[in-house]
Amino acid sequence: MSVTAEQVTFWVFAIPLVATAIGVIMSRSPVYAAMNLVAAFFFLAGIYVLLVAHLIAFMQILVYAGAVMVLFLFVIMLLSLGDEHLIKEPRRAMQLIGALGVVLLVAVLASAIAQARTSELATLAADFGTVKAVGRVLYTQFLLPFEVTSLLLLVAIVGAVVVAKERI
Amino acid sequence: MPVEYYLWLASILFGIGLLGVLTKRNALILMMSVELMLNAANLTFLAFARRSGDVAGHAIAFFVIAVAAAEAAVGLAVVIAIYRSRGAINVDEVRVLSE
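Sequence order for the protein chains is A and B. Position 76, counted from 1, in the first sequence is what the numbering used here calls 76; the numbers after and before it change by one each time, with no gaps. Position 86, counted from 1, in the second sequence is what the numbering used here calls 86; the numbers after and before it change by one each time, with no gaps.
So here's chain B without its partners, still in its complex pose:
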């Protein structure tokens, strides 16, 4: 089975994640969409690792998972801090830097 199917699946998954980032205003769902995009990138790495028979793609996917875990921890801490200071997690209302 050619890896083309997996690449298609990854691009569709990335598109769904991007659509979530562009249209959702809830900070938590926004971060989940980012996780979807990271997973799509992982799927691409693994598909090309399968095609070329090189385990290096698996190592990159390992690092992506580690970075995503760190991103989730820090991002959720920021969401908690914003909720404490403003009582909302709507990203449209958080624009201190632009005012």
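Looking at chain A on its own, in the form it has when it is part of the complex:
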């Protein structure tokens, strides 16, 4: 069995991705969790490139690793939570029940993956995943959701200011 470059790159990105994702939920300090999340977003962008989703990979770094994470870190520093604010985690029994639920969900997903026809790959168009191809779909097939998204972002901006501001 020959190992292709795609497989090597996949594991190079997938293993640190899972490791940093576990780091997000294992760290008690929100700052460490945020740093792990930034790393996870970068590794995920690498996986997106492997899937020939170049525009989405770029947006992943720009929007997630850039904007959203700056927002998270900004809020963490705004709240200036000291060590006394490190939150005591729930009882071991609750964590076990949560882990059991996750295992069951992954088992359900595994049976779904087994039924999906995953090995037949379509031959891709030359401009698959580029700004041009995705933009064309966005502005024709998905024009209404695209406009609604702009409205959603406006509402989110105004809503965030209204909720977070003490006095307007």
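Treat the hints as calculated values from the structure; they're not laboratory data. Mixed in with the good hints, there may be bad ones.
Unchecked claim - Short, incomplete list of chain B residues facing chain A, as computed with Cβ under 8 angstroms:
| id | residue |
| --- | --- |
| 1 | S33 |
| 2 | N39 |
| 3 | L46 |
| 4 | A47 |
| 5 | F62 |
| 6 | A73 |
| 7 | V79 |
| 8 | L97 |
Glycine residues also receive a C-beta, built at the ideal position from the N, C-alpha and C atoms.
Following the hints, position chain B against chain A.
Here is chain B on its own, set in the frame of chain A:
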């Protein structure tokens, strides 16, 4: 390389995010776990877009990213408001509606 690998990765990522939502009590880490779950959904969309050669999956992933950004902005504003009124961001202590 079959997209099965990517789907497995996405389900593992979703499981990790779900575990975080179920077991963490820090509101900020809770929201980061939600972001992980959204990213896992995105990865699934992109994997199936790769399999069928249809760019529509990329458009959906685009919308998921936009919605996640809006969710993060509003959610963090709520966290700030809760911190102002209660001085804590432990989600177990925030149960005004159930009392």
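Verification of the hints:
no.: 1; hint: S33; result: holds, 6 angstroms
no.: 2; hint: N39; result: holds, 6 angstroms
no.: 3; hint: L46; result: holds, 5 angstroms
no.: 4; hint: A47; result: holds, 6 angstroms
no.: 5; hint: F62; result: holds, 7 angstroms
no.: 6; hint: A73; result: holds, 4 angstroms
no.: 7; hint: V79; result: holds, 6 angstroms
no.: 8; hint: L97; result: violated, 16 angstroms
In summary, the one numbered hint that this structure violates is 8.
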